[in-house]
Amino acid sequence: DTEVTQTPKHLVMGMTNKKSLKCEQHMGHRAMYWYKQKAKKPPELMFVYSYEKLSINESVPSRFSPECPNSSLLNLHLHALQPEDSALYLCASSQEIKDVWDRGTGELFFGEGSRLTVL
Amino acid sequence: AQSVTQLDSQVPVFEEAPVELRCNYSSSVSVYLFWYVQYPNQGLQLLLKYLSGSTLVESINGFEAEFNKSQTSFHLRKPSVHISDTAEYFCAVSGGNGNQFYFGTGTSLTVIP
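First to last, the sequence lines map onto chains A and B. Read in our numbering, the first sequence has 748 at position 22, and its numbers run on one by one without any break. Read in our numbering, the second sequence has 93 at position 74, and its numbers run on one by one without any break.
These are calculated hints, taken from the structure and not from any lab test. Please note: incorrect hints may appear among the correct ones.
Simulated restraints, written as ranges between beta carbons of each label pair [said to hold, decoys possible]:
| hint | chain 1 | residue 1 | chain 2 | residue 2 | range |
| --- | --- | --- | --- | --- | --- |
| 1 | A | P787 | B | Q119 | 16 to 24 Å |
| 2 | A | M741 | B | N80 | 37 to 45 Å |
| 3 | B | P37 | A | T742 | 23 to 31 Å |
| 4 | B | Q119 | A | P809 | 28 to 36 Å |
| 5 | B | N60 | A | T742 | 22 to 30 Å |
| 6 | B | T124 | A | N783 | 19 to 27 Å |
Idealized CB from N, CA, C, for every residue including glycine.
Chain A with its partners taken away, still in its complex shape (with noise of 0.2 Å):
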């Protein structure tokens, strides 16, 4: 069972909605990421938060608005999204490695998705 918990599970939307994707996780770590997925390719991280603070934009459109409401939660607002934008957001969650000397173990925790479909 995965620990970090995504919803909706699947979400059709037209390029002028506004919708939300939303992300939990109660494993008390305090980095947390979107990543976007297409096909047969591996994930593109989109957003990292370090201590509920926005710490990584990888240059992403701003149709994707990012929100860390607490330390267990992670939204991706949307707003008039494009056709391409079709994929699947993947939210994940790691231990925030403090310094050099807190190596923490480094992994991510996946969630399973949320798989979009923009018409």
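Based on the hints, put chain B in the right spot on chain A.
This is chain B only, laid out in the frame that chain A set:
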């Protein structure tokens, strides 16, 4: 900078035959190495990882991988595959002092009955 290379994009293999999925990485610092598996329409699941210590790591379902520092490799092996092993396999590396993960391009393993 770090990068991961998975040379084989597709690997077909007959059931009960052995398999090796290759992974090479480049990094100027110590790394953590991972193999993730992705079954159809699912997220990624950790298969096994190397952090430190013994260079041979094993998973509960019969896979193993060996960290070879001199060859900068972390190849995944299984002596006898099952139909249920059909999936996409991703090798990944992280630097250990940050939260950046680098994924290989993936290897699609298809087990043929």
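Hint-by-hint comparison with the structure:
no. : hint                          : verdict
1   : P787/A <-> Q119/B: 16 to 24 Å : holds, 21 Å
2   : M741/A <-> N80/B: 37 to 45 Å  : holds, 42 Å
3   : P37/B <-> T742/A: 23 to 31 Å  : violated, 53 Å
4   : Q119/B <-> P809/A: 28 to 36 Å : holds, 30 Å
5   : N60/B <-> T742/A: 22 to 30 Å  : holds, 28 Å
6   : T124/B <-> N783/A: 19 to 27 Å : holds, 23 Å
Consistency note: the structure conflicts with earlier hint 3 alone.
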